[in-house]
Amino acid sequence: MDNQQLFGSSYVDTRFFAANGTAQRESQPKARRRRRRAARCGGGDGNGWEMDGGGDPKKRRLTDEQAEMLELSFREERKLETGRKVYLAAELGLDPKQVAVWFQNRRARHKSKTLEQEFARLKHAHDAAILHKCHLENEVLRLKEKLRATAEEVQRLRSAAGIHANGGDSAGAVSVCGGSPGSSFSTGTCQQHPGFSGADVLGRDDDLMMCVPEWFFA
DNA sequence: TTGTGTTTTACGACCTCC
DNA sequence: GGAGGTCGTAAAACACAA
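First residue of the first sequence? That's 18 in the numbering used here, and the numbers climb one at a time after it.
Keep in mind the hints are simulated off the structure, nothing from the lab. Any given hint could turn out to be false.
What the hints assert, rightly or not - Below are the DSBU-like pairs computed for lysine-lysine, each with C-alpha atoms no more than 30 Å apart in a straight line:
id, residue 1, residue 2
1, K150, K114
2, K102, K114
3, K128, K96
4, K96, K76
5, K140, K130
Model, not experiment: these values are computed from the prediction.
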């Protein structure tokens, strides 16, 4: 049967038929499944229906051709107006209700697949964002360590030169925490080291104190 | 052969639009 | 009110491993 004749020019884009030979099915297992079924059933019961051993007539499997034509029509237009439904039903030897149900189920499958793809895309973006965050946190730690070493070096040089802190200039001073490494970057009590201002390079002291993740102190 | 998981067909309930 | 939509679900059809 000629495809153009089957659907009418108003319902089917001939591009789909042109691609029909290589049209990719949704998945390989489905194609394999249909092939095996066709081989077993010998292509149906002669009325365009495939029923296994007198199965429930209310649950009739569509033939490959019927399914394929419905698929092509679906790709043309996902909504099913009355005219097209009646036309497809007549041409395929189906009940219009079956055509409607097939389209409903097909839309559901399409939506499910779309959601799956969207989920995968968002998950990929999320994972990438997490990775980037980790890199940034590592960079912060590296810079903080560098700052601490520099401050210690300054303190050492001052001590060597006999300069002692007098607490005069607190504005813009860099906080260097004494004691254990655990308290080095905490917001706990800190000594002020006047005369050294890293604020122009590193920003306000508070910013430095806020960037360290909690797990660093665990 | 059978148990199990997946896909397809069908239906009912409910919603929206004309 | 009727037609067609989505959503959730049942059950048949099917594939496949054990």
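Status of each hint after checking the structure:
1. Taking the CA atoms of K150 and K114, the gap is about 53 Å. The hint is violated against a cut of 30 Å.
2. Distance restraint check for K102 and K114: the Cα-Cα separation of roughly 8 Å lies within the 30 Å cut-off, and the hinted pair is therefore satisfied.
3. Between K128 and K96, the direct Cα distance comes to roughly 13 Å. Compliance with the 30 Å bound is thereby established for this hinted pair.
4. For the hint pairing K96 with K76, the CA-to-CA distance comes to about 23 Å; that is within 30 Å, so the pair holds.
5. With a C-alpha separation of about 15 Å, the suggested pair K140 and K130 falls inside the 30 Å cut-off, and the hint holds.
Of the hints listed earlier, the one the structure fails to meet is number 1.
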